[in-house]
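Asks: Can you make the complete structure from the sequences, with help from the hints?
Protein chains: 2
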Amino acid sequence: MSKICFQKIRITEVGPRDGFQNIKHHIATEIKIKIIKQLIESGIKKMEITSMVSPKAIPQLADSKEVINEVLTLFPNLISHVLVPNLKGAQIVYDLGIRHINYVISVSPAHNKANINRTHEESIEGMKVIRQDFPDMDFTLSLATVFGCPFIGATSLYILLKLIEQAHQVGINAITLCDTIGVANPAQTQQILTILKNEFPDIDIGMHMHNTHGMALANMLVGLNNGISRFETAIGGLGGCPFAPGAAGNAATEDLVNMLNRMGYETDISIPNLLLCNETIKQYVEPNLLSSLSKARLYDEFNFNAKLLPIGE
Amino acid sequence: MSKICFQKIRITEVGPRDGFQNIKHHIATEIKIKIIKQLIESGIKKMEITSMVSPKAIPQLADSKEVINEVLTLFPNLISHVLVPNLKGAQIVYDLGIRHINYVISVSPAHNKANINRTHEESIEGMKVIRQDFPDMDFTLSLATVFGCPFIGATSLYILLKLIEQAHQVGINAITLCDTIGVANPAQTQQILTILKNEFPDIDIGMHMHNTHGMALANMLVGLNNGISRFETAIGGLGGCPFAPGAAGNAATEDLVNMLNRMGYETDISIPNLLLCNETIKQYVEPNLLSSLSKARLYDEFNFNAKLLPIGE
Chain A
517 MSKICFQKIR ITEVGPRDGF QNIKHHIATE IKIKIIKQLI ESGIKKMEIT
567 SMVSPKAIPQ LADSKEVINE VLTLFPNLIS HVLVPNLKGA QIVYDLGIRH
617 INYVISVSPA HNKANINRTH EESIEGMKVI RQDFPDMDFT LSLATVFGCP
667 FIGATSLYIL LKLIEQAHQV GINAITLCDT IGVANPAQTQ QILTILKNEF
717 PDIDIGMHMH NTHGMALANM LVGLNNGISR FETAIGGLGG CPFAPGAAGN
767 AATEDLVNML NRMGYETDIS IPNLLLCNET IKQYVEPNLL SSLSKARLYD
817 EFNFNAKLLP IGE
Chain B
517 MSKICFQKIR ITEVGPRDGF QNIKHHIATE IKIKIIKQLI ESGIKKMEIT
567 SMVSPKAIPQ LADSKEVINE VLTLFPNLIS HVLVPNLKGA QIVYDLGIRH
617 INYVISVSPA HNKANINRTH EESIEGMKVI RQDFPDMDFT LSLATVFGCP
667 FIGATSLYIL LKLIEQAHQV GINAITLCDT IGVANPAQTQ QILTILKNEF
717 PDIDIGMHMH NTHGMALANM LVGLNNGISR FETAIGGLGG CPFAPGAAGN
767 AATEDLVNML NRMGYETDIS IPNLLLCNET IKQYVEPNLL SSLSKARLYD
817 EFNFNAKLLP IGE
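Read top to bottom, the protein sequences are chains A and B.
At position 195 of the first sequence the residue is numbered 711 (our numbering), and the sequence of numbers has no breaks.
At position 131 of the second sequence the residue is numbered 647 (our numbering), and the sequence of numbers has no breaks.
Just so you know, these hints were derived from the structure itself, not from any lab.
Do not rely on the hints blindly, as some may be mistaken.
Stated by the list, open to error - Only some residues are given here: those of chain B computed to face chain A with a beta carbon under 10 Å:
no., residue
1, 524
2, 645
3, 648
4, 700
5, 704
6, 736
7, 738
8, 784
Don't be surprised by glycine CBs; every beta carbon is placed ideally from N, CA and C.
Replies: This is the structure in C-alpha cells:
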C-alpha cells in the first residue's frame, strides 16, 4: 500500500455549480462568494464556480458573470472552471478572463437532448468549434450518463468510446466520467476504466460520481486503485441533476477528502475547514446536507487521521 | 471480473438485534416478528434475532425469550443467531433451542469494559467455558472496535491477533471484524485483512461495518476483493452502539445487496422485498432510515439490475 501514499489527488469542487443550481430558493451572490472563500481556505485549488447558461434554464446561476468577476478578482490563485454549453458561453467567459472550461455531452442521446437540447452530432460540432476558436483555453469534456441514464437505462460503451475518440482527435485529453444518476457499481466502474485505459492510455480520466445508491466512495476507490487521480465532488454532498429525476447529490467533498486523508493520500485539504463551510451552507443554502461527515462525529480527538493500526501498542 | 460472479455471499441480517436495541421507544414483539418474516421473505437465511442480555442494560430486548420461541416455531429454516454475553445466556438460549451464538469481545480494553464490564482475561475465559460447555453450538466471535475505539482511538493489532489466536485454539473459526464506530478506511481494511489472512489462513472472516463516515460499502468492497464472503448488515441501516457515542447505523442490508446484485454476485435476496420491509420499519420502528436505497429511486424500470454496459447497442 505504500506506493499510493505519495500519489497526489486533484479535487475539483463543483458545489458552486452543480450544487447551487439545484437549490430552489435564491442564493445571494455574496453568500456564494463567502462559501467559495471558505472552500479555498480549506485547501481547494480547483473549482467549477458557475455555469454560463441561460437564466431561464437555470435561474440560480443568473449571476454567473458577477460570480466570475468577483472570483477572478478576489481569488486569482484559484483554478476557476466554468461550465459552458456552447460557443457563445465560451466567448463570454473567455472575455471575462476564464481559461478553464467544462463542456458536457451525455452518452445517452435522450439525456443529451433533455439536458442541452442537442443531438450528438450538434454537441460534437460545438465541442470542435470551441476547441478551435479558443486554443489557449484548458478544455475538460464531461461525459454524462456514462453509468446509466434515467431515460434509457444502460448507455452504450461504444458511443462513450466514439465520443472520447472525437475529443481526443481535437486535442481534448481531460475526460470526466459522470455518473449522473448515481447508479454505478464497482464492477461496472472497473470494467469501464479497464477498457478506457486500454483504448486511450494517454487521456486524463476524471470521475464525477453521484451518491444515489451510496456507492460513490466505493466507485471512487476503484478509480484510485486504477490510478485515477482527478475527482469532482461537491461540498455537503449538494447537487443532483435537473434533467435526471430522482438523482441524489454528488459525492461529498468532505467524505472523499476524509477517506483519502485517512488512507494516507495527500490532499492538502482540511476537514475541519470543510466542516466550517458546511455550517455556512446549512445556514444560508440547505439545512439538510447529505454528506456523512456533516452528521458524523469525527473522533479526531484521538488523532485518527490517516493512521493505520500500529503493531504492538 | 468473471470469477467473482460465481462467489456466494453470506449475509447475516442483524437489524433485529443491533438495530432494534438502539430504538428508544418500545417495539411490540409482534412487530419484531412481522419484520423478521419480511426479511425471510426477502431471501435472508441467517439472522441475529435478539440478544440474551439483561433487560436493565437493554430494555428493548427484554422479550428475547419470546422472540426466540416464536422465530424457532414460525421459521424453522432460518439460521437463527443470538448474541450471548456470558455462560448463563448461552445456557438459556441453548435450552430454548438456539444452536448459533455470537459472543463479543472488544479489542479496546476500555470499550470491552464499557460494553460488557469485563477485562480481556474475563472475556477470554467466558469464551472458553461456553465453547467447552456447548460443543454442538455454532460459535461466532465478534471482535468490536477493530478499526478504532471511541475511548482510546486506534486499537492494537497485536491484541486483535492474540484474541483471534485464543479463539482459534479452542476451535472457534468464525471471526467477525466489527467497525463499531464506523471509521475504518479502505487502506486500513486492506492492511488488516492482509495480515489476518496471512496469520490465520483457515479462519472464516466476516465483516460488520458501520457507516458513520460513509465508507462501509467501500470497506466491504475491499473485503470482497480479498475473498471475504460473510457480511453482517442491518435492514434500513438501523443500529449504532449504546456504548460507542456518536456511532451511526450499520451498513444497510439493502445497500450492500444492491451493490452485490449489480456487481453480479449471487445473493438470492430481493431488493423490492427489502424495500417493502423498509416501509414496515418506517411505520412502526423508525421513520427516518439511514440507508441510501430507502431514499433512492431505483431506476429498475430500465432493468439496471446487475447489467454491465453492452458494446455496440
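Asks: Determine for every hint whether it applies to the structure shown.
Replies: How the hints compare with the structure:
no.: 1; hint: 524; result: violated, 16 Å
no.: 2; hint: 645; result: violated, 29 Å
no.: 3; hint: 648; result: violated, 31 Å
no.: 4; hint: 700; result: holds, 9 Å
no.: 5; hint: 704; result: holds, 6 Å
no.: 6; hint: 736; result: holds, 8 Å
no.: 7; hint: 738; result: holds, 8 Å
no.: 8; hint: 784; result: violated, 18 Å
The structure fails to meet hints 1, 2, 3, 8 from the earlier list, while all remaining hints are met.
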